[in-house]
Amino acid sequence: MSEKQPPQHAEGEPAGRAQQPTPAAEETAAIVSVDTAGGAMEPSAVPATAQSGQLPGGPDTLLRKIFTGSGMVSVLAVLLALIIGGLLIASTDKQVATTATYFFARPTDFLAAVWNAATRSYIALFQGSVFNPRGNGLAAQFAPFMETLTIATPLITAGLGVALAFRAGLFNIGAQGQIIVAGILAAWVGFALDLPMGLHLLLVLVAGIIGGAFWGGLVGVLKARTGAHEVILTIMFNYIALYFLRYLLNTPAFQRPGESNPISPILDPTAVYPQIFGSQYRLHLGFLLAIAATVLVWWLLNRSTVGFEFRAVGANPKAAQTAGINVSRSTILVMALAGGLAGMSGVAQVAGTEKVLTDGVAATYGFDAITVALLGRSSPWGTFAAGLLFGAFRAGAVQMQIQTGTPIDIVLVVQSLIVLFIAAPPLVRAIFGLNPRRRKPARPAKSREAATTGGAA
Amino acid sequence: MAGVATLGASALLLTACGAAPEAGSSSTAEASDYTGCIVSDSGGFDDQSFNQSSYEGLKKAETDLGIKVNQVESKTNNDFEPNLRAMVSAGCDLTVTVGFLLGDATKAQAEANPDSHFAIVDFGYETPIANVKPIIYDTAQAAFLAGYLAAGTTKTGTVATFGGIKLPTVTIFMDGYADGVKYYNEQKGKDVKLLGWNKEAQDGSFTGDFEKQDVGKQLTQNFLDQGADIVMPVAGPVGKGAGSALKEAKAAGKDVKLIWVDSDGYLTAPDYKDIMLSSVMKTMGDAVEAVVKDDKEGNFDNTPYVGTLANDGVQLAPFHDLDSQVPAELKSELEQIKKDIIDGKLKVESEASPKA
Numbered sequence: 001m002s003e004k005q006p007p008q009h010a011e012g013e014p015a016g017r018a019q020q021p022t023p024a025a026e027e028t029a030a031i032v033s034v035d036t037a038g039g040a041m042e043p044s045a046v047p048a049t050a051q052s053g054q055l056p057g058g059p060d061t062l063l064r065k066i067f068t069g070s071g072m073v074s075v076l077a078v079l080l081a082l083i084i085g086g087l088l089i090a091s092t093d094k095q096v097a098t099t100a101t102y103f104f105a106r107p108t109d110f111l112a113a114v115w116n117a118a119t120r121s122y123i124a125l126f127q128g129s130v131f132n133p134r135g136n137g138l139a140a141q142f143a144p145f146m147e148t149l150t151i152a153t154p155l156i157t158a159g160l161g162v163a164l165a166f167r168a169g170l171f172n173i174g175a176q177g178q179i180i181v182a183g184i185l186a187a188w189v190g191f192a193l194d195l196p197m198g199l200h201l202l203l204v205l206v207a208g209i210i211g212g213a214f215w216g217g218l219v220g221v222l223k224a225r226t227g228a229h230e231v232i233l234t235i236m237f238n239y240i241a242l243y244f245l246r247y248l249l250n251t252p253a254f255q256r257p258g259e260s261n262p263i264s265p266i267l268d269p270t271a272v273y274p275q276i277f278g279s280q281y282r283l284h285l286g287f288l289l290a291i292a293a294t295v296l297v298w299w300l301l302n303r304s305t306v307g308f309e310f311r312a313v314g315a316n317p318k319a320a321q322t323a324g325i326n327v328s329r330s331t332i333l334v335m336a337l338a339g340g341l342a343g344m345s346g347v348a349q350v351a352g353t354e355k356v357l358t359d360g361v362a363a364t365y366g367f368d369a370i371t372v373a374l375l376g377r378s379s380p381w382g383t384f385a386a387g388l389l390f391g392a393f394r395a396g397a398v399q400m401q402i403q404t405g406t407p408i409d410i411v412l413v414v415q416s417l418i419v420l421f422i423a424a425p426p427l428v429r430a431i432f433g434l435n436p437r438r439r440k441p442a443r444p445a446k447s448r449e450a451a452t453t454g455g456a457a
Numbered sequence: 001m002a003g004v005a006t007l008g009a010s011a012l013l014l015t016a017c018g019a020a021p022e023a024g025s026s027s028t029a030e031a032s033d034y035t036g037c038i039v040s041d042s043g044g045f046d047d048q049s050f051n052q053s054s055y056e057g058l059k060k061a062e063t064d065l066g067i068k069v070n071q072v073e074s075k076t077n078n079d080f081e082p083n084l085r086a087m088v089s090a091g092c093d094l095t096v097t098v099g100f101l102l103g104d105a106t107k108a109q110a111e112a113n114p115d116s117h118f119a120i121v122d123f124g125y126e127t128p129i130a131n132v133k134p135i136i137y138d139t140a141q142a143a144f145l146a147g148y149l150a151a152g153t154t155k156t157g158t159v160a161t162f163g164g165i166k167l168p169t170v171t172i173f174m175d176g177y178a179d180g181v182k183y184y185n186e187q188k189g190k191d192v193k194l195l196g197w198n199k200e201a202q203d204g205s206f207t208g209d210f211e212k213q214d215v216g217k218q219l220t221q222n223f224l225d226q227g228a229d230i231v232m233p234v235a236g237p238v239g240k241g242a243g244s245a246l247k248e249a250k251a252a253g254k255d256v257k258l259i260w261v262d263s264d265g266y267l268t269a270p271d272y273k274d275i276m277l278s279s280v281m282k283t284m285g286d287a288v289e290a291v292v293k294d295d296k297e298g299n300f301d302n303t304p305y306v307g308t309l310a311n312d313g314v315q316l317a318p319f320h321d322l323d324s325q326v327p328a329e330l331k332s333e334l335e336q337i338k339k340d341i342i343d344g345k346l347k348v349e350s351e352a353s354p355k356a
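As you go down the protein sequences, you meet chains A and B in turn.
Residue numbering for the first sequence follows this note's numbering, beginning at 1 and increasing consecutively.
Residue numbering for the second sequence follows this note's numbering, beginning at 1 and increasing consecutively.
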């Protein structure tokens, strides 16, 4: 969350460009075209026009705005979602319902109950995700934070995959399928092969990444060769992966000997990620790999020629092509990389936390990853921070349920509200009166007008 | 105080106008130190299936035995271990987990916390664990009765069944149902056909999940088109899809019937009362409550509870509104078969039957 402030030319873009190796004439042209096409925009957006691959680039599209909204909007969206979530929590609370029956007799009771219900839940959320002061010793007190990191691990890597594709102009909804295919391969290597310590885990990791990269790359190839839309491709590939997994789990090769439940054998001890801080926490090596992946994606996007090509294609594929960038190659490569990153999530699942393969191996991480990438505005460290936030929500939800009886669905509602507000920045700006163009007209109609015509901001 | 209340009442919402309770008059429920907890699988406590039944059993124990109850729903398979850990650290005496997917997580927590007790519904371990009590069901016995009933009631000579996902806990219903139909054919020299499940091949019709009611509806319409008039969906809430297809067929003048599973559908799915022939019930709520009661009294053991016709763990529900459509002769035959199964004269076997 630290790098939310400068929305326009963030992350040292100009410096990155200056360091481009051998800035040939074509590349300079590409830079210029990128900049002029974007105008005041960050050259990392996803214009809707880019998705066909051939249409002329439009500088100011809705998708671009959603993916590159200012950091302030992200913060406000989270805040707003928490407030509304608090009201929802209060509305499900028994004490609130009781005090509401005599609201007019003693309104303070009602208001206190609302406040109590919301704060109790959020305190439980905090205690379940960051620090639990009632824990027995420092180790137990920080256990919730470790849990947050554990749950954040697959969210971060899958989110990076989605973010990377966003930057190249591709709306990758396929993280779910990529995680599943990676999970299948990684799990199979994990339980079927018998290899020495170290090598086994390495092979599990490689198998998972290859699986994800294959599934993502396939989408890239189909799009580059045929022009098929990646949204449709990735959605369908998700289904194919899921039903293929279900089929496999009904075959003896993927079942435990003597059992017919669709659940794989447990992975060998040599095939699972070691736990970083011992067995009391679930936090595993996958988290360090997620950090490494974040650094790698940052470097790729901001310091490498390939990443520059991705961004150029994302900003305006036609201009990029004119400037000599191979758009097809970029599409295939970026989807394979995105798939590989999602594949790391699959490995984190089967080798990190679950240690078995079931048809729920991907949980909802593939779809949450889209949210995470959105919230992180498709920047590597933004995605990392958003992954941590969502990990915290998920980890805290358990305590919230147990301590206060708040249904887990409320947490999911809060998450969904965040997405809603992020996807509609004008709405958030209107609510907080941040919309500069809408502030000038006469006061009375302000909020309504802003909400209805917000698309222009 | 009352004056203020009246003032408010005259002006606004009636519901908001009760008198405020005197401060400090909080009710003190009789407290028990015993805490019973439950962790659902991803179906949640409103799945109209085993999560719900187990949860209701624990809630019943809360009122009957005065225990404290903690519950936590899992949204995905990833939630199992954190949820179970949280339950143990919340001081649960007994934690009920639901479904085979929680098998590994329950085992891990049970071994790490030998002083805590666990019970797992619908799953048994090959090697018993000292502090885990499996609650399992020989559902095929009751489903056998349902199959016989269906075969004896059908007008078209064709009955059907389908499942949600091909799991042993689902196919055991279908195996028993298939055997019931077969037994009827053998006894009566009839040829009632069964659609949707082949016991020998262990294969049949499935909707693919326990959520998509429209798929259940389509499947049921297919069965109706093929001449079936009685359908038993083994798919939790997807059964409602079958119910609505059958209701439409009934509205169109066909004589069709539904057999519900898990709970008495006449009570839990009252929309389909008028076509509800019977239900194959697993009385999980009672079993969970019994296990809690035993544990509270210090009588925990890890021998599996196996629900059978003999101990009323599985039952064929009453016929309710359709009672008149079941011939008295068939009723007495069903009684006899039930007796034979309990006595062991009639063996009902399924690959998915509990091995114990």
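Wrong hints could be hidden among the right ones.
With a straight-line cut-off of 35 Å between C-alpha atoms, the simulated DSBU-like cross-links for lysine-lysine are [as the list claims (entries may be wrong)]: (1) A:LYS94 to B:LYS182; (2) B:LYS331 to A:LYS94; (3) B:LYS188 to A:LYS94; (4) B:LYS345 to A:LYS94.
To list a few chain B residues with every Cβ distance to chain A over 10 Å, as calculated [to be verified]: (5) THR76; (6) GLU81; (7) ASN83; (8) ALA86; (9) ASP104; (10) GLU126; (11) PRO168; (12) LYS199; (13) GLU248; (14) ALA290; (15) PHE300; (16) LYS331; (17) GLU349; (18) GLU351.
Derived Cβ-Cβ restraints for the label pairs, each shown as a range [as the list claims (entries may be wrong)]: (19) B:ASN302 to A:PHE244: 36 to 44 Å; (20) A:VAL221 to B:GLN221: 51 to 59 Å; (21) B:GLN202 to A:ILE431: 52 to 60 Å; (22) A:GLY227 to B:GLU111: 50 to 58 Å.
For the record, the hints were derived by calculation from the structure and aren't laboratory data.
Just so you know, even glycine gets a beta-carbon here, dropped at the ideal spot from N, CA and C.
Going down the list of hints, with the structure as the test:
At most 35 Å may separate the alpha-carbon atoms for a hinted pair to count; LYS94 (chain A) and LYS182 (chain B) exceed this at roughly 53 Å. Taking the CA atoms of LYS331 (chain B) and LYS94 (chain A), the gap is near 47 Å; set against the 35 Å cutoff, the hint is violated. Among the hinted pairs, LYS188 (chain B) with LYS94 (chain A) is inconsistent with the structure: their alpha-carbon atoms are about 58 Å apart, more than 35 Å. Straight-line distance between C-alpha atoms of LYS345 (chain B) and LYS94 (chain A) comes to about 54 Å, which puts the hinted pair past the 35 Å bound.
Here THR76 (chain B) does not stay apart from chain A, with its beta-carbon only about 4 Å from theirs, under the 10 Å limit. Not every beta carbon of chain A lies more than 10 Å from that of GLU81 (chain B), the smallest distance being close to 7 Å; the non-interface claim is violated. Not every beta carbon of chain A lies more than 10 Å from that of ASN83 (chain B), the smallest distance being close to 6 Å; the non-interface claim is violated. Chain A draws ALA86 (chain B) into its interface by the beta-carbon criterion, the shortest separation being 5 Å against a cut-off of 10 Å.
The non-interface label for ASP104 (chain B) is inconsistent with chain A: the shortest C-beta to C-beta separation is roughly 6 Å, within 10 Å. Look at GLU126 (chain B): its CB is around 7 Å from the nearest CB on chain A, not clear of 10 Å, so calling it non-interface is violated. A beta-carbon of chain A comes within 10 Å of the beta-carbon of PRO168 (chain B); the shortest separation is about 5 Å. Separation of LYS199 (chain B) from chain A is adequate, the least Cβ-Cβ distance of about 14 Å exceeding the 10 Å criterion.
Every beta carbon of chain A lies more than 10 Å from that of GLU248 (chain B), the smallest distance being close to 28 Å; the non-interface claim holds. With a least beta-carbon separation of about 25 Å from chain A, ALA290 (chain B) lies farther than 10 Å from that chain, consistent with its non-interface assignment. Look at PHE300 (chain B): its CB is around 22 Å from the nearest CB on chain A, clear of 10 Å, so calling it non-interface holds up. At roughly 35 Å from the closest C-beta of chain A, the C-beta of LYS331 (chain B) stays outside 10 Å, upholding its exclusion from the interface.
GLU349 (chain B), annotated as away from the interface, keeps every beta carbon of chain A farther than 10 Å; the closest lies near 15 Å. Consistency note on GLU351 (chain B): stated as away from chain A, yet its beta-carbon is not over 10 Å from all of that chain's, at 7 Å minimum. The hinted range of 36 to 44 Å is satisfied by ASN302 (chain B) and PHE244 (chain A), whose Cβ atoms lie roughly 38 Å apart. Range check, VAL221 (chain A) to GLN221 (chain B): Cβ separation about 40 Å, and the 51 to 59 Å hint is violated.
Between GLN202 (chain B) and ILE431 (chain A) the beta carbons are some 58 Å apart, a value that agrees with the proposed interval 52 to 60 Å. Taken as a hint, the range 50 to 58 Å holds for the pair GLY227 (chain A) and GLU111 (chain B), whose Cβ atoms sit roughly 55 Å apart.
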